[in-house]
Amino acid sequence: MQQSRHPSLVIELGRRLVRKRDFYAGGLMILFGLVMVLKGPAYRVGSLMHMGPGFLPTVLGVILVFLGLVIAAGALAEPDGADERILPENPQWLGWLCILAGPFCFIVFGSYGGLAPATFACVFVSALGDRSATWKSALVLALAVTVFGVGLFSYVLQVPIPVLEWRGL
Amino acid sequence: MILTSLTDLWYGFGVALEPHNLMFCFIGVLIGNMVGVLPGMGPLATISILLPLTFGIKPVGAILMLAGVMYGAQYGGAICSILLNLPCHPPHAVTCLDGYPMTKQGRGGVALGVTVLASFVGASWGITEMVFLSPLLVRAALQFGPAEICSLMLLGLLAGSTLARGSPIKGVAMTVLGLMLGIVGSDIETGSERFTFGLAQLDDGIELIALALGLFGIAEFMNSINQIVETNTKYSKVRLRDMRPSKADLKQSFFPMLRGTIIGSLCALIPGTGPTIASFVSYAAEKKISKTPERFGHGAIEGVVCPEASTHSSVQGDFIPTMSLGIPGDAVMALLLGALMIQGIVPGPQLITQHPDIFWGLVASFWVGNILLVLLNVPLIGVWVKLLTIPYRYLYPSALFFVCIGVYAANNDMFQVGETLVIGILGYVLLRLGFHPAPILLGFVLGPRFEENFRRAMLISRGDLAIFVERPISAVFIAICVILIAGQIYFRLRGAKPGPVAAALHAPAGDEPSRWPEQAVPAEPGLLSAGTNRLSALRLRGKLILAVVALGLAVAIGFGLHHAGDPASLDISAQKKIQAQPPR
Chain A
597 MQQSRHPSLV
607 IELGRRLVRK
617 RDFYAGGLMI
627 LFGLVMVLKG
637 PAYRVGSLMH
647 MGPGFLPTVL
657 GVILVFLGLV
667 IAAGALAEPD
677 GADERILPEN
687 PQWLGWLCIL
697 AGPFCFIVFG
707 SYGGLAPATF
717 ACVFVSALGD
727 RSATWKSALV
737 LALAVTVFGV
747 GLFSYVLQVP
757 IPVLEWRGL
Chain B
1035 MILTSLTDLW
1045 YGFGVALEPH
1055 NLMFCFIGVL
1065 IGNMVGVLPG
1075 MGPLATISIL
1085 LPLTFGIKPV
1095 GAILMLAGVM
1105 YGAQYGGAIC
1115 SILLNLPCHP
1125 PHAVTCLDGY
1135 PMTKQGRGGV
1145 ALGVTVLASF
1155 VGASWGITEM
1165 VFLSPLLVRA
1175 ALQFGPAEIC
1185 SLMLLGLLAG
1195 STLARGSPIK
1205 GVAMTVLGLM
1215 LGIVGSDIET
1225 GSERFTFGLA
1235 QLDDGIELIA
1245 LALGLFGIAE
1255 FMNSINQIVE
1265 TNTKYSKVRL
1275 RDMRPSKADL
1285 KQSFFPMLRG
1295 TIIGSLCALI
1305 PGTGPTIASF
1315 VSYAAEKKIS
1325 KTPERFGHGA
1335 IEGVVCPEAS
1345 THSSVQGDFI
1355 PTMSLGIPGD
1365 AVMALLLGAL
1375 MIQGIVPGPQ
1385 LITQHPDIFW
1395 GLVASFWVGN
1405 ILLVLLNVPL
1415 IGVWVKLLTI
1425 PYRYLYPSAL
1435 FFVCIGVYAA
1445 NNDMFQVGET
1455 LVIGILGYVL
1465 LRLGFHPAPI
1475 LLGFVLGPRF
1485 EENFRRAMLI
1495 SRGDLAIFVE
1505 RPISAVFIAI
1515 CVILIAGQIY
1525 FRLRGAKPGP
1535 VAAALHAPAG
1545 DEPSRWPEQA
1555 VPAEPGLLSA
1565 GTNRLSALRL
1575 RGKLILAVVA
1585 LGLAVAIGFG
1595 LHHAGDPASL
1605 DISAQKKIQA
1615 QPPR
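Chains A and B supply the protein sequences, listed in that same order.
Under my numbering, the first sequence has 696 at position 100, and the numbering climbs by one with no breaks.
Under my numbering, the second sequence has 1587 at position 553, and the numbering climbs by one with no breaks.
Simulated from the structure, these hints should not be mistaken for laboratory data.
Check before you lean on any hint, since a few could be wrong.
Some chain B residues near chain A, calculated using beta-carbon distances under 8 Å [as the list claims (entries may be wrong)]:
no., residue
1, Ser1226
2, Leu1455
3, Phe1469
In this text the structure is predicted, and so the values were computed from the model without any measurement.
Glycine included, every Cβ here is placed at the ideal spot set by N, Cα and C.
Bound conformation, chain A alone (with noise of 0.2 Å):
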């Protein structure tokens, strides 16, 4: 990192801040409590004695914006530690990509299509996420989860969902 040219701490504090991890932590937190905080109010508070749905939320939005504070002023304490990065050494986007893409093809496939073509989409999608995965690999698993998923809920414990059907868009 650059050595500040002004001598002001407040910039140098600033720097050190947004190089740590639990600055960003703290103020995740702080956006969730504040969220509750401005939000609660609006469901009427009440009194300690008759609390309004809202009490609770606001009580614990402040709690939360008082946790998150004391998390960011904590990194600010501590000396830069090892372990400051928030992505992994070796970010998995296609994976993680795909992980998130399989139950959203099971959304849209088992809305539209039903279960084995959601099953398969699921599996095929996320299977190829793996490093090591090919085409052929993730194609015989999908398939075999497949069989044996719609074997297993729809024949014998009978989830509710068509096995193949097209519901139109």
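Fit chain B to the supplied structure of chain A, relying on the hints for placement.
What follows is chain B alone, placed relative to chain A:
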């Protein structure tokens, strides 16, 4: 007292040995054992995937099965960590230290053999404790009003989030986040919708299964994809006859087994210090007591036996506060409690009297299940070892499908699959920011009951917060809470340098010891060196834990015995009379 417990236990065996209950118990431990062996799958994800499938079963069968998954996974995890040096879930990280060296010396079979034995002994003690302690606790807890329940929950939440792994303050933040997620949906008293953001599907609140599978399914898969090390099965050829420990082995492991059991059962009694801490503490203690501490880390049999016994005794002991008070100690217990609530059973001290079949059936099924596990593990060891070689690239896509269909089947609602997805992303972000998501579940399950009781307590006291310190029992709980917080702050200010043990307990979430054994379990044998300053953090924490245990136990047992002479206290009509009395 003791006689009553034994009669009830006999009744419980009747319940647990009914053919269909026995079958569910068997399915549970079988699946649990299988999943425990598979690298990269935790008991939390398994229980939540199985949860929707249990809706059609009667509550007793469902809870027996889900509990079976939990302790079955503990057995399976030991196999994984001893033979592959892969701690499939955190409590077994310590077992690797001496288990894997034993495997390398060709004594892996013996290690597995004594592990099965130690697990059984530990579990049996935990169950015995449950049989005799739970009724005592219940007697005490039946006298609790809303204020006491509230402060007890507060204690449970605080202990669960600060004593577990990770930074205490982040743990508390996660608990608050969990409470907040529990608020989403219709308010119990007024029915007004809160934080639903106009989505009608959120009116009933966030689904427990969606939350659990998002946090422990999808987020975990994102955490482990392409990170699981190739499994090295070079040493893992174990046959049945290799498992028989010699007489010398048995003699050497007898006392460590007992010590581990005791440590585990102590750790189980306070919420938040579940099996993981129990195993770390017992390993450190065993090493300290040992006359030859230098053997530890090079395949000392005591180093395998002691943590395993304590893990199991603490796992069973964890059920005590969960079942008798309705206060879960960790995320797995919260999930089991959630499963009971989905079945329409209200957790709390009245559970044992109102649903004796569930409680005593569960206790008895622990024994049945543990015997089944010994039978499963000894002859089938070859099958389990084969399972170890299933690569992760086949596992996670299939598991992802089970997640999707499980969430869907819970309510036949595609929206909840989307809910799981969103929670999964949030969970992964939290993991990367160094939060442990487990306390979220704790807060989520306890949240609605906490709010309800808090409101009632405030109504009774006419809005006076002093009720929490004026009523004696509640005051004790609040005092323990204060000691907990003050202790944490004190140790932090004193700057206890975290020793390696504490460091392992506090490993940042991104580097779960369950995932990267090379990092979590450094190869150097001095990891748990008895050097005083290196263990200081652990010892300080240990003292705090012991103080809390002693205090809590003294209060609970004292109170329980005080009312033990009053045979009517378990009688429901008498209980109503007591509640009708004006607050003291």
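Now for the hints, and whether the structure bears them out:
1. Ser1226: With Cβ-Cβ at 5 Å, under 8 Å, it holds.
2. Leu1455: holds, 5 Å
3. Phe1469: At about 7 Å, which falls below the 8 Å cut-off, the nearest Cβ of chain A leaves the hint on B:Phe1469 intact, so it holds.
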